[in-house]
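When you get a sec, could you build the whole thing from the sequences and use the hints?
The numbers in our numbering rise by one with no breaks, and the one at position 173 of the sequence shown is 173.
Do not rely on the hints blindly, as some may be mistaken.
As the list claims (entries may be wrong) - The calculated lysine to aspartate or glutamate pairs, modelled on EDC-like cross-linking and capped at a C-alpha distance of 16 Å, are:
#	residue 1	residue 2
1	Lys88	Asp36
2	Lys27	Glu50
3	Lys88	Glu34
4	Lys33	Glu50
Hints in this document: simulated from the structure, not taken from any laboratory.
Just so we're clear, the structure is a prediction, and the values are computed from it rather than from any experiment.
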Amino acid sequence: MSHLAPHTPTVHLVGAGPGDPELLTLKAARTIKEADVILCDDLVDPRVLEHASATARVLYVGKRGGCPSTDQRFIHLVMIREAMNGMKVVRLKGGDPFVFGRGGEEADALRQAGLQVQVVSGLTAGLAGPASIGLPTTDRRHTPGVALVTGHAKEGSKGPNWTALAQSGLTLVIYMGVARAEHIVQALVAGGLSPETPAAIISAAHTPQQRQAVCVLSGLVNTIAEQGLLSPALLVIGDVVRVAPMWGKRSTQVGLKFLETPHTAAR
Numbered sequence: 001m002s003h004l005a006p007h008t009p010t011v012h013l014v015g016a017g018p019g020d021p022e023l024l025t026l027k028a029a030r031t032i033k034e035a036d037v038i039l040c041d042d043l044v045d046p047r048v049l050e051h052a053s054a055t056a057r058v059l060y061v062g063k064r065g066g067c068p069s070t071d072q073r074f075i076h077l078v079m080i081r082e083a084m085n086g087m088k089v090v091r092l093k094g095g096d097p098f099v100f101g102r103g104g105e106e107a108d109a110l111r112q113a114g115l116q117v118q119v120v121s122g123l124t125a126g127l128a129g130p131a132s133i134g135l136p137t138t139d140r141r142h143t144p145g146v147a148l149v150t151g152h153a154k155e156g157s158k159g160p161n162w163t164a165l166a167q168s169g170l171t172l173v174i175y176m177g178v179a180r181a182e183h184i185v186q187a188l189v190a191g192g193l194s195p196e197t198p199a200a201i202i203s204a205a206h207t208p209q210q211r212q213a214v215c216v217l218s219g220l221v222n223t224i225a226e227q228g229l230l231s232p233a234l235l236v237i238g239d240v241v242r243v244a245p246m247w248g249k250r251s252t253q254v255g256l257k258f259l260e261t262p263h264t265a266a267r
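And the structure:
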């Protein structure tokens, strides 16, 4: 039971989905429309903001690996200040707020300031990205489950236990892993995963810029470089990649790389 007063201001943490604005939930669209202030992440498709009121104030607080980013403490302070001033505040994030979106940190900061938090879940790219190439991450014929993992460890932390993941038998969906792909491949192989394990790279999932390739684990780094697959991108590693239709069309050359035409689902 909440101990907050009935009229305590509420901040909404809203997931904008993986890119295509048509994948936005109805609740997210309504919440965006009602907002007075929207703090918008860099990966949110601009078309999502067409749902915002003409009088809403939109603050762009970009968060992308390897790029200049708005300080997280500043984001907390702005949300708290605007909510305390009676504004209806939406923190708008790509994907889902609680899947590598710092939503937990922000919810904690808001609650510590005496505010209420409502989370509007969004479709995470870790599931929707593979689906865009016909890849079911939990196909029971190939895997008992899926692990969503960050390839970009927090400063000072050890990061994922790649050996345990290599031996888990799970489909690995790795966010923010392109820059560390060489380390990830080496760690997984050292942990016992076969270099011939199928892998996929999906760049800019569910946007008009989407590109993708499939290969084996040992060819992952070369495929990323040769095909110019850039962040934001997902790495998908596991036997389930064989289910993707493009696996059967792949090249038989070194690395088994194959690149399809740009994705056109986002209109």
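Cross-check of the supplied hints:
Restraint check for Lys88 and Asp36: satisfied, since their Cα atoms lie roughly 5 Å apart, inside the 16 Å limit. Simply put, Lys27 and Glu50 have alpha-carbon atoms about 15 Å apart, close enough for the 16 Å limit, and the pair holds. For a cut-off of 16 Å, the pair hint linking Lys88 to Glu34 stands: about 7 Å separates their Cα positions. Distance hint between Lys33 and Glu50 is fulfilled; the C-alpha atoms sit about 9 Å from each other, no more than 16 Å.
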